[in-house]
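Q: These protein sequences, in sequence, are chains D and B. The first sequence maps to residues 1 to 324 in my numbering. The second sequence maps to residues 1001 to 1245 in my numbering.
Source of the hints: derived by calculation from the structure; they are not laboratory data. Predicted model, so just to flag it, every value in this text is computed and none were measured. Hints may be right or wrong, so weigh each one.
Said to hold, decoys possible - Think about it this way: if two alpha-carbon atoms lie no more than 16 Å apart in a straight line, the pair counts; the simulated EDC-like pairs of lysine to aspartate or glutamate are:
| no. | chain 1 | residue 1 | chain 2 | residue 2 |
| --- | --- | --- | --- | --- |
| 1 | B | 1243 | D | 204 |
| 2 | D | 322 | B | 1232 |
| 3 | D | 313 | B | 1241 |
| 4 | D | 282 | B | 1206 |
| 5 | B | 1195 | B | 1080 |
| 6 | D | 282 | D | 180 |
| 7 | D | 54 | D | 30 |
| 8 | D | 322 | B | 1206 |
| 9 | B | 1016 | B | 1215 |
| 10 | B | 1142 | D | 48 |
| 11 | D | 164 | D | 11 |
| 12 | D | 110 | B | 1241 |
| 13 | D | 282 | D | 190 |
| 14 | B | 1224 | D | 190 |
| 15 | D | 313 | B | 1232 |
| 16 | B | 1143 | B | 1180 |
| 17 | D | 313 | B | 1080 |
| 18 | B | 1182 | D | 241 |
| 19 | D | 133 | B | 1240 |
| 20 | D | 54 | D | 66 |
| 21 | D | 110 | D | 180 |
| 22 | D | 289 | B | 1080 |
| 23 | D | 282 | B | 1232 |
| 24 | B | 1143 | D | 204 |
| 25 | D | 313 | D | 190 |
| 26 | D | 189 | B | 1227 |
| 27 | D | 319 | D | 227 |
| 28 | B | 1161 | D | 190 |
| 29 | B | 1167 | D | 183 |
| 30 | D | 319 | D | 223 |
| 31 | D | 322 | D | 227 |
| 32 | D | 90 | D | 48 |
| 33 | D | 13 | D | 48 |
| 34 | B | 1161 | D | 30 |
| 35 | B | 1142 | D | 204 |
| 36 | D | 319 | B | 1232 |
What the hints assert, rightly or not - Across the chosen pairs, the derived CB separations fall in these ranges:
| no. | chain 1 | residue 1 | chain 2 | residue 2 | range |
| --- | --- | --- | --- | --- | --- |
| 37 | B | 1149 | D | 47 | 26 to 36 Å |
| 38 | B | 1066 | D | 47 | 52 to 62 Å |
| 39 | B | 1053 | D | 48 | 50 to 60 Å |
| 40 | D | 215 | B | 1145 | 51 to 61 Å |
Ideal Cβ placement from N, Cα and C applies to all residues, glycine included.
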Amino acid sequence: MSILVYVENTDGKFKKSAFEVVSYAKSIADNIQTDVVAISIGNVAEDELAALGKYGASKVLNVNQEQLASFVNQAYASIIAEAVKSTGSKLLVLSNSFSGKGLAPRIAAKLEAGLADGVLELPHITDDKLTVKKTAFSNKAFATLELTSDIKVIALSPNAYEIKETGGNAAVETFTPNIDQLDFSTMVKEIVRATDKVSLPEAEIVVSAGRGLKGPENWGMIEELADVLGAATACSKPVSDAGWRPHSEHVGQTGIVVSPNLYIAIGISGAIQHLAGVSSSKTIVVINKDPEAPFFKVADYGIVGDVFDIVPKLTQALKAYKGI
Amino acid sequence: MKILVCISNVPDTTSKITFTNDNTAFNTAGVQFIINPYDEIALSKAVELAEGGKGTVTVINVGDASTDATIRKALAIGADSAVRINSVPRDAWFVANQIAAYAKDKAFDLILTGRESIDYNGAQVAAIIGELLHIPSVSIAKKVEVASDMVTVEREIEGGKEVLTAKLPLVIGTAEGVAEPKIPNMRGIMSARSKPLDVVEPFSVELLAHIVNYETPAPRGTVKLVDATEVEKLVSLLHDEAKVI
């Protein structure tokens, strides 16, 4: 009765979220004295698969078929649900990533399993009872959810659980699912990756800017600061609404919710909708010329002043600190 | 083209979130309810696709009579008809089951939902409906184009985007970028009053989860201000004190 974990890869390489979900499942497995089996779909090298053992997986089920080279929501959901049944797992863990948000509910519906999405912490498990804390009201609150079904699904928020190295290599086994051609009604035509950019939901540092930047032409200094920090760039809603930056960078209640170690807000006043999307950041830095900006009330560190003066100085100071 | 748009009645985005009954229930006192912002994008896209007699738009909501004002607003934005499943929406599993049961024999070509609701943020309804109806679903769509029976969807992925195609019928969870939210005009508001709003009784669904209680985040400490002339000090604090760089 192992815990099954679905591990996502990008072009054959596991993402940070894959190590997070395996580490998370290993902690649960240790508590309830079971083991962790991971399932990988797509073309991932054998040594990459075996390396999941470092994070606590004792076995990896490898599904590597041409038709499954790129993500197909329906087909992946069917395969993972089949793996849950064939391993007899009562708990499935996956990442609450963009793909995970499409997958988890489909798998849960197939298995008539309760689903806890946006999970932030380890669950409490006693006998057949599982309760777990998750985000609610766009991070303005948390809810403790009890899953009452026989099989249970947890979708872990990116960045919510620390990666831990605990073991050695995992045994890799080929898993051959029953493929239903009807599951391939959607076809991926093109994947466009912004390879030089840090992925926003997974970023450990986010540099975000708002209307205080006055126009899209001023974003160079934000990108430079982000480059120095190895950070993702983000923006407030008015900025994406004005078309200064793409919607995919909009952080907030109606955009992307982030929980990095460090969130630097530049020229953003901190409307309640924006704060909802960033409130679970571990450390918040606010740079704004208005000392009354609401963002200062939730910030850990702040600088009151002209962003056009401070940001280049901060970039220089960071370069000096990093010896660049 | 027959389009079904699933709408949720949620607290206004500016609402302060509090709870009652030992933190087991959301406190609705003084809270203004609105159409879930992502559902408004779905609805606007549906109205755009159906414009000029190219289709019909039905909105569906699972809610008690208190949600009628939200449904009428959706009709004012441009939906042709509405359905309300007469029940408090217990969770995404319950809601998706009610919608799938309603849609099952009605041959909708396209079912649109918002990517997630801003209250429970599960992003579950689109995918569960797809599974229950055995049709594909795409979650978190950033762009939707329909040409005869083929849909091209741009989906957000970590660090990029993915373009995929699917034949109708299809369920899509829409995010920002799919359509500009439409504002109801006077004609829309007037005509909304006379558009049909059917009320359908729910069927029983075995629940798989329930919320035990809620909590609000602990208040953060007070801000430590660094003088604008001492930017280097911020770098030291982030390294030595916060340990984040």
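Q: Check the structure against each numbered hint from earlier and tell me which ones fail, lowest number first.
A: Hints 3, 4, 6, 8, 10, 11, 12, 13, 14, 17, 19, 20, 22, 23, 24, 25, 26, 32, 34, 35, 37, 40 are the ones this structure does not satisfy, whereas the remaining hints hold.
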